[in-house]
Amino acid sequence: MDVTIVLQQIINGVIVGSIYALMASGLSLIWGTMKTLNFAHGEFYMLGGFFMFILNVQAGLNPILAGAISILFIFVVGVIMQRLVIHYLMDKPGWDVSPLIATFGVSIFLQNLSLKLWGERFKNIPYYLGGEASFFGINLSYHRILILIIAVVVIFTLWAFLKYSRFGMALRATSQDRDAATINGINTKKMFMITFGISAILATAAAIMLSPIYSVNPWMGESLLLKALAVIVIGGLGSLVGAIIAGVGLGVLEGVGILFFPSEWQNVIAFSILIIVLWIRPSGLFGTKEW
Amino acid sequence: MLSVFEIDVFYGEVQVIHGLSIEIKKGTTTALLGSNGAGKSTVLRTLSGILRPEKGQVLLGNNRLDKIEPSTIVTKGIAHVPEGRRLFSQMSVEENLIMGAFEKKLWANRKDNLQYIYDLFPRLKERRMQEAGTLSGGEQQMVAIGRALMSKPKMLMLDEPSLGLAPKIVESIFELIQDLNKEGITILLVEQNAQIALEISDYSYVLENGRIALEGKAENLMDNIYVKQAYLGL
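Residue numbers (my numbering), protein chains in the order written: chain A, 884 to 1174; chain B, 33 to 266.
Simulated from the structure, these hints should not be mistaken for laboratory data.
Only a predicted model underlies this, so the values are computations on that prediction, with no experimental measurement involved.
A virtual CB, placed ideally from N, CA and C, is assigned to each residue, including glycine.
Check each hint, because a few of them may be wrong.
So the derived label-pair ranges between C-beta atoms look like this [as the list claims (entries may be wrong)]:
id	chain 1	residue 1	chain 2	residue 2	range
1	A	942	B	116	37 to 47 Å
2	A	1051	B	116	23 to 33 Å
3	A	1155	B	50	14 to 24 Å
4	B	211	A	977	41 to 51 Å
5	B	42	A	955	20 to 30 Å
6	B	116	A	955	38 to 48 Å
7	B	141	A	963	28 to 38 Å
8	A	995	B	196	48 to 58 Å
9	B	35	A	1109	33 to 43 Å
10	B	147	A	1051	20 to 30 Å
11	B	211	A	955	47 to 57 Å
12	B	96	A	1051	27 to 37 Å
13	A	951	B	141	47 to 57 Å
14	A	955	B	96	48 to 58 Å
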């Protein structure tokens, strides 16, 4: 087999994987702090796509401004969802699964709301950057390069925020011991709301970058959510490093896998890896350590 | 300084504290004694806002502490060293200490406060980058106390600081508590080790099944036959 084709697929895989990592780190953040999964995470992504379409295509704003406003809006949506839904269901003895189930409900609600508001027709957003680069016989559109750059910048910013900022440290403290966080003056209720908002931002960033490649529609979040769920389980629930490594790793394996299997087998590859990892390391690759 | 007036505290359906009142005078060391399960930790957790009393009041001066957002209690000058230390185990020693200065005004001066803690516990400076969960019990207790001191408290509540530590380390921790008290920090101490607690405290309460069974000046309690039998094992 030609080496350049394999190389091309690896690079494509890294790019797709960086988006998986972006989506998965949002889920991971929520699991780390609130010990629940957010099945409406795909709908944050979907809303991000629609906001981008409305602002960039319909209102004609430039992509940077449109993206910034979308991020701000979806942050607020995330915060409101936590306050209105998750907040009331947390910490009820015997209700451990209820926040998770409620996120299913929110997911269905948001899908149907956007169907009602914007219709079922698929919408397209033009590439933010035209043209493509060629090197070593590999062709890569500038847009895809931009995806990778944005994903790396966003994830690195998230990491630095968690590691060094007053707020990020408080967020980690909350995830490790809530009562201890409270007695040190951290308002954990606020932390939970902000965590949801940040998680929503990550999904929106993914949506802004991917929407020009795939089209915008009310169901666009479903398949990506499924992938992101597989990624956080493979990487280890709550582990940010795990989400990043598993995300990129899965992207590459899928990319290379296409050379050997038909493309509709992509999900089979993802979930086979999931099953194998669960078999060998039930807590995921980095599951013992929380970020 | 701080007065607790007839509080009832529940864990779910179970009432743990029954109409309990205590008074902590400024600048003193007050001990809360009692056997396992008497409700000592529950009282501290109520004072620091983790639990809320169903009835009664917690007053700091004229301010109701049981009605304000729990996370703001530390900003009123009350710091809590919880039972079992409760460090952020996957964060470094330094990060743990810094979290004690989370409040905005303190955050600006966190470097200076950190230096003060490192002067107090040179050992922690050596270990500053180490994950808190990997420290020895004594070192963890130092981090827990250091973290509480980072908030520049007027009152320090310590929950069983001697638990699980070697006698020598216990001694140094109690010396430190006395020093902090001399510097003007009001101390509320919860202990199972009644002897050592009575030695350093001015006033003590003995808890039994969530009620005050006995109270008095430490030297009087030390002579009390009941205390001798029940807690000092004499």
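Hint check:
With their beta carbons about 55 Å apart, residue 942(A) and residue 116(B) fall outside the hinted range of 37 to 47 Å. The beta-carbon spacing between residue 1051(A) and residue 116(B), approximately 25 Å, falls within the hinted interval of 23 to 33 Å. Checking the proposed 14 to 24 Å range against residue 1155(A) and residue 50(B) shows it is violated: the Cβ atoms sit about 59 Å from each other. As the Cβ distance of residue 211(B) to residue 977(A) is approximately 47 Å, the hint placing it in 41 to 51 Å holds.
Range check, residue 42(B) to residue 955(A): about 42 Å between beta-carbon atoms, so the 20 to 30 Å window is missed. Distance hint check: the CB atoms of residue 116(B) and residue 955(A) are about 41 Å apart, consistent with the given range 38 to 48 Å. Range check, residue 141(B) to residue 963(A): about 35 Å between beta-carbon atoms, so the 28 to 38 Å window is met. At roughly 55 Å, the beta-carbon separation of residue 995(A) and residue 196(B) lies within the given 48 to 58 Å, and the hint holds.
As the Cβ distance of residue 35(B) to residue 1109(A) is approximately 57 Å, the hint placing it in 33 to 43 Å is violated. Roughly 23 Å separates the CB atoms of residue 147(B) and residue 1051(A), a value that falls within the hinted 20 to 30 Å. For the pair residue 211(B) and residue 955(A), the supplied restraint of 47 to 57 Å holds, since their beta-carbon distance comes to about 51 Å. About 33 Å separates the C-beta atoms of residue 96(B) and residue 1051(A), a value consistent with the hinted range of 27 to 37 Å.
A beta carbon spacing of about 34 Å between residue 951(A) and residue 141(B) contradicts the range 47 to 57 Å that was offered as a hint. Restraint check, residue 955(A) to residue 96(B): a C-beta distance of roughly 38 Å breaks the suggested window 48 to 58 Å.
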